[in-house]
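Engineer: This is what each chain is made of:
2 protein chains.
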Amino acid sequence: MTIRYPNGNQFYEQPASSNTHNDSIDFSNRGMTLEDEINKSNQYYLKNGIAVIHKKPTPIQIVSVDYPKRSAARIKEAYFRKASTTDYNGVYKGKYIDFDAKETKSKTSFPLKNFHKHQVEHMRQCLKQQGICFAIIKFISDQSVYLLKATDLIDYWDQQETGGRKSIPRKVIEKDGFLIAYRINPLLPYLTAVDSFIE
Amino acid sequence: MTIRYPNGNQFYEQPASSNTHNDSIDFSNRGMTLEDEINKSNQYYLKNGIAVIHKKPTPIQIVSVDYPKRSAARIKEAYFRKASTTDYNGVYKGKYIDFDAKETKSKTSFPLKNFHKHQVEHMRQCLKQQGICFAIIKFISDQSVYLLKATDLIDYWDQQETGGRKSIPRKVIEKDGFLIAYRINPLLPYLTAVDSFIE
Chain A
1 MTIRYPNGNQ
11 FYEQPASSNT
21 HNDSIDFSNR
31 GMTLEDEINK
41 SNQYYLKNGI
51 AVIHKKPTPI
61 QIVSVDYPKR
71 SAARIKEAYF
81 RKASTTDYNG
91 VYKGKYIDFD
101 AKETKSKTSF
111 PLKNFHKHQV
121 EHMRQCLKQQ
131 GICFAIIKFI
141 SDQSVYLLKA
151 TDLIDYWDQQ
161 ETGGRKSIPR
171 KVIEKDGFLI
181 AYRINPLLPY
191 LTAVDSFIE
Chain B
1 MTIRYPNGNQ
11 FYEQPASSNT
21 HNDSIDFSNR
31 GMTLEDEINK
41 SNQYYLKNGI
51 AVIHKKPTPI
61 QIVSVDYPKR
71 SAARIKEAYF
81 RKASTTDYNG
91 VYKGKYIDFD
101 AKETKSKTSF
111 PLKNFHKHQV
121 EHMRQCLKQQ
131 GICFAIIKFI
141 SDQSVYLLKA
151 TDLIDYWDQQ
161 ETGGRKSIPR
171 KVIEKDGFLI
181 AYRINPLLPY
191 LTAVDSFIE
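Line by line, the protein sequences give chains A and B.
Just so you know, the first sequence maps onto residues 1 to 199 in the UniProt record's numbering.
Just so you know, the second sequence maps onto residues 1 to 199 in the UniProt record's numbering.
Chain A with its partners taken away, still in its complex shape (with noise of 0.2 Å):
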């Protein structure tokens, strides 16, 4: 799929590597899901000693179940639940992380509705335990992808359940959040950004 920006002009990967040739350029992140993206990171992170960052399991209600003789459990009826936290959380330097990922179509900004009530309350949570919260916001239309932090996220969160703005400005995230540059090796290097504003 063909991927363009805005202004109508192709859209190229460039991993900000300093190995330029095309031959070595793995472009198999092509079509991944954001999801996607944050787990093969998250692989390299932990292959190489780097942080021991997990995605949660999908929380699931279980309803019925069968336990056939000689054979694995199956389950036979279940439902998904909200999540109650966000879904992405571990240990680096010493430090704990926890992060949700979001992707959103919208080319100007981010809409608040793509977080529930109880993950921004997570995060308040988590941040007043010293952890490091914030959220990873891909714009589809141009790859784009922001780390933005998990007090400016709630900055806007709490002016808009007082009748604020129910999304934050592509350009604030911008300005007050990180770029992730895609790279070969992570793929999104978003701990780079983290680097940057943990002392």
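Simulated from the structure, these hints should not be mistaken for laboratory data.
Small disclaimer: the values here were computed from a predicted structure and weren't measured.
Here are the computed lysine-lysine pairs in the DSSO-like style, where the Cα-Cα straight-line distance is at most 30 Å: (1) 93(B) with 128(A); (2) 113(B) with 171(B); (3) 128(B) with 56(B); (4) 166(A) with 69(B); (5) 105(A) with 171(A); (6) 55(A) with 113(B); (7) 56(B) with 128(A).
According to the in silico footprint, chain A covers these stretches of chain B (three or more CB under 8 Å from chain A): (8) 50-56; (9) 65-74; (10) 84-96; (11) 129-138.
Heads up, incomplete: computed chain A residues facing chain B, CB under 8 Å, no partners named: (12) 46; (13) 72; (14) 73; (15) 77; (16) 92.
Don't be surprised by glycine CBs; every beta carbon is placed ideally from N, CA and C.
Could you slot chain B onto chain A? The hints should help.
Structural biologist: This is chain B only, laid out in the frame that chain A set:
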């Protein structure tokens, strides 16, 4: 259900609290599993702004889902997957907390087969990132609960892999671990044990 010590004496739960008025002691934890007890304790820690620690959802492999009109998606076929990490993690005083909870019916030792290789590897990785890792072990026979540091667990695990014993003697757990005495709130004050070995 009446719980008895190995010598036949009946077991009464003794909350390690200064409050010994019988009419205010909460015996509602009778018959709870260790998981229930820890979840209840985590709720207390969360509500009181002491720590943010959650059990991860059970990992499920989804095979088939129905999307009926006008109602929630229904999972029709799914299977339990082996966890690749521990069950609990979170943040406490800025530190990353990671642990697993296991019950054993054995009276004299804790069988290492209660852990999967993946979980032990995960603990090793978290330790490398300066995470606080441990196991909470409950001897069902007399309702004793201990916190055992991951480093101690890993010592025995590695010995087992080179032909050593397949369990940790209870005496070692009593000596090197930390007894967690039941209280009213939190029911299992395991973070008090954590306090004693983090600086």
